[in-house]
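Visitor: Sequence:
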Amino acid sequence: MGLASSLFSGLSGLSTLGNAMTVIGDNIANVNTVGFKSSRVTFQDVLSQTVATMAGTAQVGRGTSLADITSSFSQGSFESTDCATDLAIGGAGFFIVRDPNNEDNEYYTRAGEFRFDKDGNFVNPAGYIVRGWQLDENGEDVGSVTDILLNFFTSPPSETNHVYVVMNLDSDGDDNSQGADDSLSSAWDGTDSDGDGSFIDNNSYEHQTTVKVYDSLGSTHDITIYFDKADTDGAYEFIVTCNPEEDMRTGISHPVEDKWAGKLARGLIKFGADGVMTDIDLWQIDSGGIEVVQTEADDLSDGYFTFAPTFIEDNDISIELDFGSCCTDPTADPPAWTNDSLSTTQYATASTTIFQSANGYGAGDLQSVTVGKDGVITGQYSNGQVLPLYRVALAKFQNTQRLYKVGGNLYRETGLSGDPITGRPGSSGLGSISPNSLEQSNVDLATEFVKMIITQRGFQANSKIITVTDQMLEELIRLKR
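So for the sequence shown, the working numbering puts the first residue at 76; every next one is plus one.
Careful, some of the hints might be misleading.
To be verified - Lysine to aspartate or glutamate pairs mimicking DMTMM-like chemistry, simulated, CA-CA at most 25 Å apart:
1. K287 - D297
2. K448 - E212
3. K287 - E388
4. K287 - E234
5. K193 - D211
6. K334 - D361
7. K334 - D297
8. K448 - D157
What the hints assert, rightly or not - Quick list of the computed label-pair ranges, beta carbon to beta carbon:
9. A159 - D271: 47 to 57 Å
10. T445 - S291: 21 to 31 Å
11. T445 - Q535: 49 to 59 Å
12. S393 - G459: 36 to 46 Å
13. E332 - F430: 33 to 43 Å
If you're looking for bench data, these hints aren't it; they were derived computationally from the structure.
Every residue, glycine too, gets a C-beta built ideally from N, C-alpha and C.
Build out the structure end to end from the sequences listed, making use of the hints.
Guide: Next comes the structure, spelled out in structure tokens:
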């Protein structure tokens, strides 16, 4: 019976060491597999057999068996790539992906080789859809974890609501107005009655500047502001205009028959003896050419006067006019004005536009996407807009060793692994995202080769047990001869 037991002991060694070699072979085979985590085998002895001895009883071992096969989730090295959607996790956590054919089947992976497919889904090479949060325009998470689906191929336009123009208006400039009442406003003729292609005589103003604005559909329009020295000491009058053909305010006929068409507002800029702007008066020109005075007290626009062009029928735009100064206290008498560091001035030098800008933008096409370390996928559009789209979600488990391998670099949760704990990259103990990178296999070839030698020698030794036991049994059988 003892000899037979030794055969089975040797056989158990061959079996377990054979499985160990299989694990080593699997590790080496996946030395270049993205995100692969190596495994190791641990052994344990088999319940010993009790035998009688002169001293009573003793135990004789019966061989070995597999105790466990565990994965090493140590960090793999990063390979830099030229693809912005190649992602690696620096630290703990897994990417969450979903079976495209079953919404309830979620899997977890360290392999971040992701692309957008023809339908806009963010997928791995097997077509599993990456999960994350959709973001609002402020970059905040919206709702719960969902599929990352890129359908924001066009950035919607944004209409202009603020125009910023900074100038120097020559203190020695002339009063050039040639209108009927000797004012710049009366020099405007939206009908172009003289047929020269302009709506105001070039000799009627001291300075003019043009800025592009956007309507709600993303079309651009030119807003031109004309300035001329006023009769009032230390003041310049101005008018805000657009192309009369684009003026869709109620009461304007097309072809244009009204001289005030295209004239949106008129006003007066006042300066102190030091050439610094001290006050602004503005009259908004309403339907039918009616002038409506604006006062600081009734302005709800952060201290700026407004004008209201209509480039699309029944769609007025309220635009703040900023010359580098705003009314900080409309209740004061007189109202208190505060100049910015860059503000319109009146010095004894040629009139010139120093700076001008207008917010708003037209529609734009998606040109590229980038991913940040916080997992935020950002789209860059042809209109210059950079919009947050999605945030890649990560998950971790209380017991990663009990995740179930399903192949394709994927893991599935089990009852022993615990439920996934989902969070933003870089928070709650989760790692951060490294874009343009792939995590390589954490297999150490030197370690695997050493294990291979040890396993080989163990297998040879166990085979010798069977060979020697066979020889002993042969000798036992010869006793009968």
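Visitor: For each hint, tell me whether it holds in the structure or not.
Guide: Against the structure, the hints:
1. K287 - D297: holds (5 Å)
2. K448 - E212: holds (19 Å)
3. K287 - E388: Holds: K287 and E388 sit about 19 Å apart, inside 25 Å.
4. K287 - E234: Satisfied, since the Cα-Cα distance of roughly 11 Å is no more than 25 Å.
5. K193 - D211: holds (24 Å)
6. K334 - D361: holds (13 Å)
7. K334 - D297: Holds - the C-alpha atoms of D297 and K334 are around 18 Å apart, at most 25 Å.
8. K448 - D157: Judged against 25 Å, a Cα distance of about 16 Å means the pair holds.
9. A159 - D271: 47 to 57 Å: holds (54 Å)
10. T445 - S291: 21 to 31 Å: The hinted range 21 to 31 Å holds for T445 and S291, with Cβ atoms some 29 Å apart.
11. T445 - Q535: 49 to 59 Å: With a Cβ separation near 55 Å, T445 and Q535 satisfy 49 to 59 Å, so the hint holds.
12. S393 - G459: 36 to 46 Å: violated (23 Å)
13. E332 - F430: 33 to 43 Å: holds (37 Å)
Checked against the numbered hints given earlier, this structure breaks only hint 12.
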